[in-house]
Amino acid sequence: MSTSSSQVVLEGRGVGRLFGTGPLAVRALHPTDIQVRRGEVLVIMGPSGSGKTTLLSLLGLVLSPTEGEVMLDGRTVSGGSPDALALLRRERVGFVFQQFNLMPGLSALDNVALPLLLRGTSARERAARARVALARVGLSDREAAKPRLLSGGQQQRVAIARALVTDAPVILCDEPTASLDGVTGKAVLNTLKDLATDLGRAVVVVTHDDRVLAIADRLVEVVDGHVHERASPSAREVHG
Amino acid sequence: MRMLGLALKMLLDAPAKSMGTLVGVVVSVFLMSQQLSILLGILSLVSAFADGTDADIWVASAATENTDITDSLPATRVAEVASTPGVAWAAPVIQGMSRITRPDGVRELVKVVGVEPPRYAGLARTLVDGTQRESLRGPARVFLSWSARPAFAFPAPGERLEIDGKTAFVAGFFDKVDPHSSYTYVFANLDDARAYTQFPQDRITFVATGVSPGEDAVTVRQRLQARIPDALVVTRGELSAMEVRHFLRRTPVGMVFGMGTAVAAFIGSVIVAITLYSSVVDRLRDYGTLKALGATRKDLVRLLLAQAWLFFAVGAGVGLLAFFFVKAHAPQAPMLAPPWMLAGVMAVSLTSCTLASLAAVRRALAIDPAIVFRG
Ligand SMILES: Nc1ncnc2c1ncn2[C@@H]1O[C@H](COP(=O)(O)OP(=O)(O)O)[C@@H](O)[C@H]1O
Ligand SMILES: [Mg+2]
Numbered sequence: 025m026s027t028s029s030s031q032v033v034l035e036g037r038g039v040g041r042l043f044g045t046g047p048l049a050v051r052a053l054h055p056t057d058i059q060v061r062r063g064e065v066l067v068i069m070g071p072s073g074s075g076k077t078t079l080l081s082l083l084g085l086v087l088s089p090t091e092g093e094v095m096l097d098g099r100t101v102s103g104g105s106p107d108a109l110a111l112l113r114r115e116r117v118g119f120v121f122q123q124f125n126l127m128p129g130l131s132a133l134d135n136v137a138l139p140l141l142l143r144g145t146s147a148r149e150r151a152a153r154a155r156v157a158l159a160r161v162g163l164s165d166r167e168a169a170k171p172r173l174l175s176g177g178q179q180q181r182v183a184i185a186r187a188l189v190t191d192a193p194v195i196l197c198d199e200p201t202a203s204l205d206g207v208t209g210k211a212v213l214n215t216l217k218d219l220a221t222d223l224g225r226a227v228v229v230v231t232h233d234d235r236v237l238a239i240a241d242r243l244v245e246v247v248d249g250h251v252h253e254r255a256s257p258s259a260r261e262v263h264g
Numbered sequence: 101m102r103m104l105g106l107a108l109k110m111l112l113d114a115p116a117k118s119m120g121t122l123v124g125v126v127v128s129v130f131l132m133s134q135q136l137s138i139l140l141g142i143l144s145l146v147s148a149f150a151d152g153t154d155a156d157i158w159v160a161s162a163a164t165e166n167t168d169i170t171d172s173l174p175a176t177r178v179a180e181v182a183s184t185p186g187v188a189w190a191a192p193v194i195q196g197m198s199r200i201t202r203p204d205g206v207r208e209l210v211k212v213v214g215v216e217p218p219r220y221a222g223l224a225r226t227l228v229d230g231t232q233r234e235s236l237r238g239p240a241r242v243f244l245s246w247s248a249r250p251a252f253a254f255p256a257p258g259e260r261l262e263i264d265g266k267t268a269f270v271a272g273f274f275d276k277v278d279p280h281s282s283y284t285y286v287f288a289n290l291d292d293a294r295a296y297t298q299f300p301q302d303r304i305t306f307v308a309t310g311v312s313p314g315e316d317a318v319t320v321r322q323r324l325q326a327r328i329p330d331a332l333v334v335t336r337g338e339l340s341a342m343e344v345r346h347f348l349r350r351t352p353v354g355m356v357f358g359m360g361t362a363v364a365a366f367i368g369s370v371i372v373a374i375t376l377y378s379s380v381v382d383r384l385r386d387y388g389t390l391k392a393l394g395a396t397r398k399d400l401v402r403l404l405l406a407q408a409w410l411f412f413a414v415g416a417g418v419g420l421l422a423f424f425f426v427k428a429h430a431p432q433a434p435m436l437a438p439p440w441m442l443a444g445v446m447a448v449s450l451t452s453c454t455l456a457s458l459a460a461v462r463r464a465l466a467i468d469p470a471i472v473f474r475g
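Top line first, the protein sequences correspond to chains A and B.
Position one of the first sequence corresponds to residue 25 (my numbering), numbered consecutively onward.
Position one of the second sequence corresponds to residue 101 (my numbering), numbered consecutively onward.
For reference, chain B alone in the conformation it holds in the complex (with noise of 0.2 angstroms):
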C-alpha cells in the first residue's frame, strides 16, 4: 500500500486536526464496546437461569411468559415426561418467592428454586470449590449465590439463617445464576423450599429433562410437546431466548444501550466524514498538485481511505485498549465483550471510517488540475 506513508505523513502535518479526528474514532470505538458489552452483560443474568442450569428441556405451564412468570404444573406431569422416549431423566422443579432476614433485621426478596434428591435437576451448573450438592439432602439446607454473600454479611457454610421465618443453613455457595432483578437465587432440596414458599404439594413449576446421550434435544422437544400439548416445551438455549426477548419486549433496556451504540458508531463516522472532507477543501492545490503529477482516481481513493484506515486503525486500537482498562477496573459492572461483539465493533468502525471518507473521495475527484496554475 505505497499510499499508506504519504497519508500518514499528511495526516501528521495537521496535527491538531488529525489528533481531534483520532479522539473521535476513540470515544466512538471506546462508547460502542461499553454500551454493547454492559447490555450483553445484563442479557446474560437476565438469562443466567435458563443457562446456568442443569437441564437439556424445560417443561412448563402453558401460561409462561419467563421464568418469572409463569404458572405451576400438575406433578403428575414428571412421570409424563420422563416416560417419552428420548428422555433421559426428568425431575420436578419448584420455585417460589420468599424473604431472608439479614442479621440487620432486613428482609431481602429470593427466589426459593426447589430441586429434588438425588439428581438436584435444574440446580445451579457451577458450585463453588468446596460445594457438593449432596449437602442440599439434609433438612434445612440451603444454596447461596456466592456474588450475592455481601447481602447476607458474608455467612459462612453452616451459619443459620430465616427463610421466611423457617430455618435455613447455609449448606454451600453456587455461582453465575445471578438474575437482572432485586431477587437473589436461593437452591434448595424439594420438601424445604415447598416450606418455604407454600408451595403445594400437589402442583410444581418445572420439569427440568435430560436428554439421552446421543438424543437431539430439539427432536425430544417436540416429541415432548406432541405428548403434552398443553405444556410448554423449551431447550436451554429456547429458554434463554425467551427470556431475553422478553426482556427487550418489556424494558427499555435493550432500546437505551442499542441506541447508545448506534449514536457512538455515527458519531465516529460523522467526525471522520467532517474532518477528512474539510482536509480535503483546505488542501484543494495539494490534491490538485498531486491530480497534475498524475495521480488517477484510483490513486485519490487509496490516499484517501488510507488516511480514514489510519484513524480507524489507531483509533480502533486506542478505544478497545480504553474499554478494557474500564472493564478491568470496573468489576462490578456487568461487562461482557465476546470476541465476536469485539469483531462486530470493529467491523463496523471500519465501515464507518471507509463509508466516511466517501464524501472526501468525491470532493477530491472534483478537483480540476487546471487549479495548479492559478495562483
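If we strip away everything but chain A, and leave its shape as in the complex, we get (with noise of 0.2 angstroms):
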C-alpha cells in the first residue's frame, strides 16, 4: 500500500490535549504526530484511560487540542468556530460509537439518513441513499426498525451505516466492537475493514480489543498519552 503524502485525508501534527489547568490540569494526550490515509484501516490500541479517546476525539473535530493542529485534506482546520467545525464533520467525517448512539426515535432508514438531512439533502434522494447504506450492512430487511427493536450488532452496523452515507472519505469509530458479543463484534470488523478496501475510506479504530487487530493496515499504541506507531500488522481476513 501506497504511504505517499497525496493519500494522507486526515493529520494531526503536534496535536496534544490537556485537560483543566494547573496543578489539577490532566495531561491527556503529549503531543502527536498522525497521519490517517484513504483506504487504509488504523487502528489505534492501548489501555483504559491511555488517550485513545482523546485522539479521536481531536482528530474527529469534536474536542480542540490544546496544543498542535488538525488538518483536513491538507489544510488546517483545527481552531474554526463551533459551526465551521460541524460543517466539516458534516461533509468530511463520519463516526461510530461505543453506544452506537443512534436516534431512539428514529427507523434505522431515517437514523442513516440524519447525516444526509442534516446536509439537506431530499427526502427523496435521502431515501434512496439511506437504502444503499443499509444494504451495506446487511440490514434491508430492518429499514423500518426503531433502535430499540434491533440487537446490538445490528444497531451498531445502522450506525456504520449513517457514517458512511455521506461518502465522508474518513470514518472515525471508538471501541466499535466493545458493547458486542465474539462473533458479532467480528461481523462489524468485516463490514468496517470492506468500507477502506471496497469504499477507499480512511478508517480509524479505537479498542483495546486484540480481534480487532485482524483488519489493521497500520497499528498506532497508545500509552500514558504517548503514541507509538508500531510495525505493520499483516492484515488478514476475520471469519466469523
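Any given hint might turn out to be false.
To be verified - Pair by pair, the computed Cβ-Cβ distance ranges are:
{"hint": "1", "chain 1": "B", "residue 1": "Lys398", "chain 2": "A", "residue 2": "Pro47", "range": "35 to 41 angstroms"}
{"hint": "2", "chain 1": "A", "residue 1": "Arg143", "chain 2": "B", "residue 2": "Val426", "range": "22 to 28 angstroms"}
{"hint": "3", "chain 1": "B", "residue 1": "Lys398", "chain 2": "A", "residue 2": "Arg99", "range": "20 to 26 angstroms"}
{"hint": "4", "chain 1": "A", "residue 1": "Glu245", "chain 2": "B", "residue 2": "Met101", "range": "43 to 49 angstroms"}
{"hint": "5", "chain 1": "A", "residue 1": "Thr45", "chain 2": "B", "residue 2": "Met101", "range": "39 to 45 angstroms"}
{"hint": "6", "chain 1": "B", "residue 1": "Leu384", "chain 2": "A", "residue 2": "Gly98", "range": "30 to 36 angstroms"}
{"hint": "7", "chain 1": "B", "residue 1": "Val123", "chain 2": "A", "residue 2": "Leu48", "range": "43 to 49 angstroms"}
{"hint": "8", "chain 1": "B", "residue 1": "Ala443", "chain 2": "A", "residue 2": "Arg143", "range": "34 to 40 angstroms"}
{"hint": "9", "chain 1": "B", "residue 1": "Lys398", "chain 2": "A", "residue 2": "Asn214", "range": "36 to 42 angstroms"}
{"hint": "10", "chain 1": "B", "residue 1": "Gly417", "chain 2": "A", "residue 2": "Asp222", "range": "48 to 54 angstroms"}
{"hint": "11", "chain 1": "A", "residue 1": "Gly103", "chain 2": "B", "residue 2": "Ala413", "range": "37 to 43 angstroms"}
{"hint": "12", "chain 1": "B", "residue 1": "Leu384", "chain 2": "A", "residue 2": "Pro47", "range": "25 to 31 angstroms"}
These are computed hints drawn from the structure, not numbers from a lab.
Glycine residues also receive a C-beta, built at the ideal position from the N, C-alpha and C atoms.
Each chain sits in its own coordinate frame; assemble them with the hints.
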C-alpha cells in the first residue's frame, strides 16, 4: 500500500490535549504526529485511560487541541468556530461509537439518513442513499425498525451505515466492538474493513480489543498519552 | 422546514411527556380565549347603551361618569344643539329608574328611557322583527328587551304591565341593549317616560344628536362643546369608551379576567419551557450526537423551535376547538370572540412557545459534542 502524502486525508501535527489548568491539569495526550490515509484501516490500541478517545476526538474535530493542529485534506482546520467544525464533520467525517448513539425515535432508515438531513439533501435522495447504505451493512430488511427493536450488532451496523452514507472520506470508530459479543464483533469488523478496501475510506478504529488487529493495515499504540507507531501487522481476513 | 419531521419524531418518541405539554398548551389557549371572551362579552354589555342606540353624538350634564351616574340638563339645550352647524337633528332623551310589577308580584328594576316622536332618537337600533318604532306613539306603550322576556314571564305584544303602578302595554321588543347590571332597559315615548319616572318637565337627561351627511362626528362634537362648554359632549364611540373605562376603574372584573388571561399565558409558556428544557436534558446524548454529526447552532435552534411550534400548532388548534365548543354550548354566558381577539391569543401563545424554547436552545447549544464518546 502506498504511503505517499497525497493519500493522507487527515493528519495531526503535534496535536495534544491537556484537560484543566494548574496543578489539577490532566495530560490526556502528549503532542503527537499522526496521519490517516485513504483506503486504510488504522487501528489505535492501548489500555483504558491511555488517551485513545482523546486522540480520536481531536481527529474528529469534536474536541479542540491545546497543542498542535489537525489538518483535513491538507488544510489546517482545528481552531475553527464550532459551526465551521460542525460543517466539516458533516461533510468529511463519519462516526461510529461504542454506545451506537442512534436516535431512539427514528427508524433505522431515518437514522442512517440523518447526516443527509443535516446536509439538506432532499427526502427522496435521502431515502434512496440510506437504503443503499443499509444494504451494504446487510440490514435492508430492518429499515423500519426503531433502534430498541434491533440487537446490539444490528444497531452498530446501522451506525456504520450512517457513517458511510455521506461518502465522507474519513470514518472514526471508538471501541466499535466493545458492546458486542465475539461473533457479532467480527461481523462489524469485516464491514469496517470493507469500507476501506471497497470504498477507499480512511477507517480509524480505536480499541483495546486484540481481535481488531485482524483488520489493521497500520497500528499505533497509545500508552499514558504517548503515541507509538508499531510495525504494520499483516492484515488477515476475520472469519465469523 | 426540514427539521419538522425530525422534531415530530423526537416528540412522538416521548409520548407521555409530549402529551402533557400539549395538554398544557391546550388548557392555556382555551383559558386565554375563554377569559378574554367573557371579559369582552361583559364589556359589550357595559357599553351596550352607547353601542346599541341611535345617536351619533350625546350631550349630557357635565356631572357625568357614565350613563348611570349622570345628572340632567335644561330642556332648552335641545334647541341650542339643533341650531349648531353640522347637526342634522337633535332630540331630548330622558332616563330614570323605575319598577315593573311582574305577574307573580315581584317588582323588577328597570331603567326607563324616554324618546321623542317622530324621530325616536336614542331608541335601540335593533328592533325585533314585527316591532315598529311608531308603535311607541300611542299612550302607555313600551318596548321591552327581547332577551329579558323570561324576567317578565314572556309577555305577548299588547299585554298590560305596570310601571311604577301605572299602566304600560307591551308594544314590541328591542335587542342588543342589555346592561351589565341588575336592571333592564324599557323604552317609552317621552311623555310616558316622564310619568313612569316622575321626571321634571323642564329637564332632560341627554340630547341625542345626529350628524349631517358628510360631516365628521368628532368635528361636530368639538363645535358643540365650544358652543355649550358647561355640558359633556361625546361621540357614540367616546361614550362607549367612557362606560368601559368607568366600569374597569370601579369593578375588579377587568383585573380578574385580565389576570386569568395572563396567568393562562404564563402557565402555557412555563409548561412548554419546562418540558422542552427537560427533554433536552433527557436527551443530551441525542443532541450531542446531532452536533457530532454536524448539526450547526442554527440547526439546533430550528429543531427546538420546530418542537415548540408543533406544540403551539396542535395545542392552539385543539384549545380553540374546545373554546368554540364551550362557547356554542353556553349561550347564556356573555362571550365575544372577535377575530382580533383570537389572533391576539394565537400571537401570545406562539410568542410564549417561542420564548419557552429559549432555555432549551441555550442548554442544547452548550452541549459538548465530545460527550458522544463517553460511556
Ligand atoms: N473531559 C475530560 N476532562 C478531564 N479529563 C479527561 C477528560 N476526558 C478524558 N480525560 C482524561 O484523559 C485521559 C485519557 O482519557 P481517554 O482519552 O478517554 O482514554 P481512553 O479512551 O484511552 O480510555 C484519562 O485520564 C481521562 O481521565
Ligand atoms: Mg475511550
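Status of the hints after comparison with the structure:
no.	hint	result
1	B:Lys398 / A:Pro47: 35 to 41 angstroms	holds (40 angstroms)
2	A:Arg143 / B:Val426: 22 to 28 angstroms	violated (47 angstroms)
3	B:Lys398 / A:Arg99: 20 to 26 angstroms	holds (23 angstroms)
4	A:Glu245 / B:Met101: 43 to 49 angstroms	holds (48 angstroms)
5	A:Thr45 / B:Met101: 39 to 45 angstroms	holds (43 angstroms)
6	B:Leu384 / A:Gly98: 30 to 36 angstroms	holds (35 angstroms)
7	B:Val123 / A:Leu48: 43 to 49 angstroms	holds (47 angstroms)
8	B:Ala443 / A:Arg143: 34 to 40 angstroms	holds (37 angstroms)
9	B:Lys398 / A:Asn214: 36 to 42 angstroms	holds (38 angstroms)
10	B:Gly417 / A:Asp222: 48 to 54 angstroms	holds (50 angstroms)
11	A:Gly103 / B:Ala413: 37 to 43 angstroms	holds (41 angstroms)
12	B:Leu384 / A:Pro47: 25 to 31 angstroms	holds (30 angstroms)
The structure fails to meet hint 2 from the earlier list, while all remaining hints are met.
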